[in-house]
Amino acid sequence: MWLAENWKDYEVLDTSDGEKLERWGKYQLVRPDPQVIWNTEKKLPGWRKPNGHYHRSNKGGGEWEFNSLPEEWTINYNSLTFHLKPFSFKHTGLFPEQAANWDWFSKLIRESGRDIKVLNLFAYTGGATVSAAAAGASVTHVDASKGMVTWAKENAASSGLADASIRWLVDDCSKFVQREIRRGNKYDAIIMDPPSYGRGPKGEIWKIEESIYPFIELCSQVLSDNPLFFLINSYTTGLQPAVLSYMLHTVLDPIHKGKIEADEVGLPVSSNGLVLPCGASGRWTAL
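Plus 1 on top of the position in the sequence shown (first one is 1) and you've got this note's numbering.
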């Protein structure tokens, strides 16, 4: 498993009964987590009165309960600064387990010795975008939500990257890649973090089990002749690491020889030394 173990401003403090107790900077939140199927004693005081608690509804969705939590605050990861705010369906605007991948591709970019063009698809609030830009890459950031792109720009500015080489686009990812193919534009690296289900700005429907493989095939057409890496993230339980590996092998091997790895991504739990699984990633790296 690839662990995001270099955080100082974030930690999973404990897990029990379908929930996780987390520290985001100086604030503690309790949020649902479907992986937490065990029921252990909740000894830490943060369980009893967290700054924010997202209560899941039996009818779907849920709502936040707040106790001395600001509307927005920031945390740091190395030189990067991220804006956080609790919003719909339990999220805060950041997936901290992805730091394991940020560290991996940032090292590849820095050590490449050349200019790297990165395409970040389903780019959300820009954790991967600002990480790649901070490592020296030129990044094209694509997300269907205007609000998420605005949030990502704020993260870039707070991280000292307001003038970095980042192209911000509100667009349907599939249609954008199709246009890039027609334009002949190429990228040295691709990052994708597709949702299980989503809608584009014009109502386009995305279902990951049906859409992901043809989308990887599509994206392979915008890879440069000398690509550096290809990263796929998945939070869908049906897409195990071996499935991600298989897709990367079948699409990329005939075109570009490289090293393919796939594994779970996880976060250490500080109260007991165990690890909370948080999805899976597939990585292709040039040889």
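Bear in mind the hints are in silico, worked out from the structure with no lab data behind them. Misleading hints may appear alongside valid ones.
[As the list claims (entries may be wrong)] Ranges between beta-carbon positions, derived for each pair:
| id | residue 1 | residue 2 | range |
| --- | --- | --- | --- |
| 1 | 214 | 187 | 18 to 28 Å |
| 2 | 172 | 42 | 46 to 56 Å |
| 3 | 66 | 187 | 44 to 54 Å |
| 4 | 170 | 251 | 25 to 35 Å |
| 5 | 79 | 115 | 15 to 25 Å |
| 6 | 254 | 2 | 19 to 29 Å |
| 7 | 161 | 60 | 37 to 47 Å |
| 8 | 114 | 42 | 49 to 59 Å |
| 9 | 258 | 108 | 15 to 25 Å |
Since the structure is predicted, the reported quantities are computational estimates derived from the model, not experimental observations. Ideal placement from N, C-alpha and C gives every residue a C-beta, glycine not left out.
Each hint, compared with the structure:
1. 214 <-> 187: 18 to 28 Å: holds (21 Å)
2. 172 <-> 42: 46 to 56 Å: holds (48 Å)
3. 66 <-> 187: 44 to 54 Å: With a Cβ separation near 48 Å, residue 66 and residue 187 satisfy 44 to 54 Å, so the hint holds.
4. 170 <-> 251: 25 to 35 Å: Holds, at about 28 Å.
5. 79 <-> 115: 15 to 25 Å: Holds, at about 23 Å.
6. 254 <-> 2: 19 to 29 Å: Between residue 254 and residue 2, where Cβ atoms are some 24 Å apart, the hint holds.
7. 161 <-> 60: 37 to 47 Å: holds (44 Å)
8. 114 <-> 42: 49 to 59 Å: The hinted range 49 to 59 Å holds for residue 114 and residue 42, with Cβ atoms some 52 Å apart.
9. 258 <-> 108: 15 to 25 Å: Given range 15 to 25 Å: holds, Cβ gap about 21 Å.
Consistency with the previously given hints is maintained throughout, with no hint failing.
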